[in-house]
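*Asks:* Chain order of the listed sequences is F and W.
Residues are numbered in my numbering as their position in the first sequence, beginning at 1, plus a constant of 31.
Residues are numbered in my numbering as their position in the second sequence, beginning at 1, plus a constant of 1380.
Please keep in mind that the hints were generated in silico from the structure rather than gathered at the bench.
Cβ atoms here follow ideal geometry from the backbone N, Cα and C, with glycine treated the same way.
Take these hints with a grain of salt, some might be off.
As the list claims (entries may be wrong) - Quick list of the computed label-pair ranges, beta carbon to beta carbon:
(1) Ser1627/W - Asn142/F: 50 to 58 Å
(2) Leu1910/W - Ser211/F: 34 to 42 Å
(3) Ile2024/W - Asn142/F: 41 to 49 Å
(4) Ile2024/W - Ser211/F: 18 to 26 Å
(5) Asp1798/W - Gly223/F: 34 to 42 Å
Now for the letters of each chain:
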Amino acid sequence: MNFVEQHINLQSEDLIFNSLRGLYWKKHDALIISDLHIGKSGHFRKHGIQITSNVQTSDLKRLSFLISHYRIRQLLVVGDLFHAEMNLDMHEFNQWRLAHADVEIILIKGNHDRLKPEIYQNFNITCCKKDLLIDPFRFVHEPHSESDAFLISGHLHPGISIQLKGQPRIKLPCFQVSKSYLILPAFSLFTGLNVSESDSETKHYAFTESSFFEF
Amino acid sequence: MNTTFHKSEGYKIIEQWMAAKGNTPFKFQNQTWIKYHNGYSGMVVAPTGFGKTFSVFLAVVIDYLNHPEHYKKGLKLLWVSPLRSLAKDLAKAMSKAVYEIGLDWEVAVRNGDTPANIRRKQERLMPDILITTPETLHLLFSQKKNSRWFKTLNCVAVDEWHELIGNKRGVLVELAISRLIKLSKRLKIWGITATIGNLDEATKVLLPYEALKTVMIKAKEKKKIKVISLLPDTVEVLPWAGHLGKSMVSKIIPIIHENKTTLIFTNTRGQSELWYQIILEADPDLAGLLAIHHGSIDRTLRNWIEDNVSEGNLKAVVCTSSLDLGVDFKPVDCVIQIGSAKGIARFMQRAGRSGHSPYEVSKIYLVPTHSLELVEAAALKEAVKEHRVEAREPMVLTYDVMVQFLVTLAVGEGFRDDDVLELLKATHAFSMLTNEEFAWAIQFITQGGNTLKSYEEFHKVVKDDLGVYKVTSRRISMLHRMNIGAIVSDAMLLVKFISGGYIGMIEEYFITKLKPNDSFILAGRVLELLHIKDMTAFVKLSKSKKAITPSWMGGRLPLTSYMSHFLRKKLSDALHPGIRERELKFLHPLISTQSTFSHIPKEDEFLVEVIHTKDGFHLFMYPFEGRLVHEVISALIAYRISKIKPLTFTIAMNDYGFELLSDQEIPIDNNTINQILSKDNLMDDVISSINAAEMASRKFRDIAVISGLVVQTMPGSNRNNKSLQSSSGLIFRVLEENEPNNLLVRQAYTEVFNQQLEEVRLKMAFDRIAKSKLIIKNSNTFTPLSFPIKIDSLRQTLTSENLDKRIKRIKRIQNDVYRINKS
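With these hints in hand, go ahead and build the complete structure from the sequences.
*Replies:* In structure tokens, the structure reads:
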């Protein structure tokens, strides 16, 4: 799989942005991702919208690749691991989970994670209701402004849009960094991009398959 | 004369009724009645204002009076019109006629505005005449046991067929008729249309049924149009777009005062907002007497404006094509067109909004926004004189509409595949449908896609034991009903005062670029954005003088090929204008400058200008095919030149021609020019020069909504289907990767070729260029023809760089020409 990395130092910690949409934290052998939305394509199909489950298959393949590439022990999902109800997409996720049984999964619950607690237990996923503090970071789903620690979150599916006059705009996913928070791009490719305004202090690490761009 | 008919009881009643009101039927009305009496279906071609409604409507009434035994209780005449706004007035007129004639018929309207209790009442007992839209008719098809309503039907009338035939709403009508004709054996079908270039084809598209006797009836009556160009005080030799605007306002104000009510047509919503401000500034006394009307203004406000125009309370209305059609306003005695109307049919339609009653002359003033538009004025005059009007090409094999229709039937009564295949193939749109394509559509709605496994749990439509395809899920039925139709608009937000009261609608993409406390203009008012919630933008009146006028998407009207033809002709005449051609005579200084420094292309010539300035090397070409076609041709020429010498170009264009600008010399001479303008490998080169996938992805937006892949969000709604939201671009990518044989994806590419690239027109243009004498002129200054293009803001850059390089370059010069939305 093709990818590029961008090294970054936040709160004196060395981190790596990966263009396959993950954040690697070597010190803890951890991969941090957000908004995987397992079961989304199944949810669409249940409502009569033709979306193939290949979408999810390719997301999980990418995740497997990152796990083995960095040889991580810990997978931190900062919310929206599951999109909606239990559906057949979960079988595939179950298979995937069994294949990566040695990885510890911690989920900080997002607005979409509304399944019964037993289901998370069955998948061997540790859940945090609100947030999780691993010094110096606080992991949370939705970014907010009342935190003592530096926030790492998801939820917004951040992206940037670049416009060349007279041409269709290009939209790219990004890691969004400010003085007090980092927002991760959505991991699933079956998600849209949120390109709403932010202040000029905020940095955007947008990426393609082959390059990172800082805006 | 048909004596038996004229002796019939029905005819006598109608004749007396008309005579009592001092009217005599027009000849085409009489002809329609006779043909209907003799069992014909057909097409009535008549201009607005000559009683075209009464041709078909009274034909049914007369037939009923003569043969009441042929009519059953329930629906007798179904009136399908593309315009919702027309329905109320039409129902009023028909009700009045029915009452005066002494029939106990009920006339009712059913469309998106009809309240639920009225709809339920209609479903219990249908009125005798129902006036509806294509969308609402399909919604009726999605109801349980709906066929009982249509079994009694004697006639379907399709009004304003010219407005439907060129788009997917027309396909909805074709499908509806194909179904109705199966439900009611004695059904007659009548279309009503304004003059278009392909009347025979238009008739065949609506009436492809061999079992029907069909006829075309053309009204002899013609609307007289008086076209007056407003000439500026002086002619600038180097004209540029928009420049003339403000200086022309002093000529517009007296016209407004001289006439009772004036409609002022602009081509875009943005322009209408600007002109509303300009006119009010020039004459503040018009405050309260001047209104603004366009598609983004709240419907109630628009209705209010329309009522006040009808009552003669307004002096003038600045509007867009939102008032091209619709209710006829009696007091309107003058029309002003600002800028080019881009098409002959549109121009004549707009002119016809004034002097509405038969035999009255329609008066239209043309206001150029730059001098060269006076050539267009001369061209329009000639076209009007020759009665040449554009054709409207029917759409075929629109798989998105087919998929929607199949699900509509499955939600309603269910369907059998062989029946529905026959029904589809009977229409013009799907007469070429193959069994494989049909099988794909069935698989798409029952199983989701080609590969079974990856579509588990997909049960949109299921086949029951009797072989009937049905939708069983209530939620899927509900979602589908919300999505029926073929009009797809950009995601819109309601604009509402924080203190209450709606102002209108605005595109989501525009408003999300604004920050709170930014000001923008809508409905002639400067508004300050406060916050956005539930697809609604809350605003208050702003005190700010500076505000952004929204540039609504899709605002640019394409120049039609007929207009192109007349434009080229007039320009070539311009050196020796006819005695009556005051526009061309006025332009003489400009034309002679062009002729001295470069050349005025004759009809059989093609002009190429190579101009070297301190900005770089400019190449100008003038195909006169309109901006949309020039977008394609310019990209193609840039591509062909870059094969000779790798160059990066900045591209600019207007309706007359385009410019390629490079920092290095462009290899254009008598040897290369033939190769660059060659018609060989045309489409292959076009495909190499554009990003077809990106274009198709944009075309896919409508297709995704119509076929139900994207759930539309209604303005003002709280997005209750949030978990089902996705963008069409995303779905396009997923389908392209996983289902390369998907017909909807294929359709997106076909639409790019037919509509975006205009393959047929492009080929004709290159045929013409190949036959033309190529004239290359060199110059060190801009010429009158090239200058407006140079100035024009719409610019494109074509490079062969890859995405990464492109972004790097944009970053480098981000504060210069380009704009980055950091977001």
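*Asks:* Hint numbers the structure violates, sorted upward?
*Replies:* Checked against the structure, the hints that fail are numbers 2, 3, 4, while the rest are satisfied.
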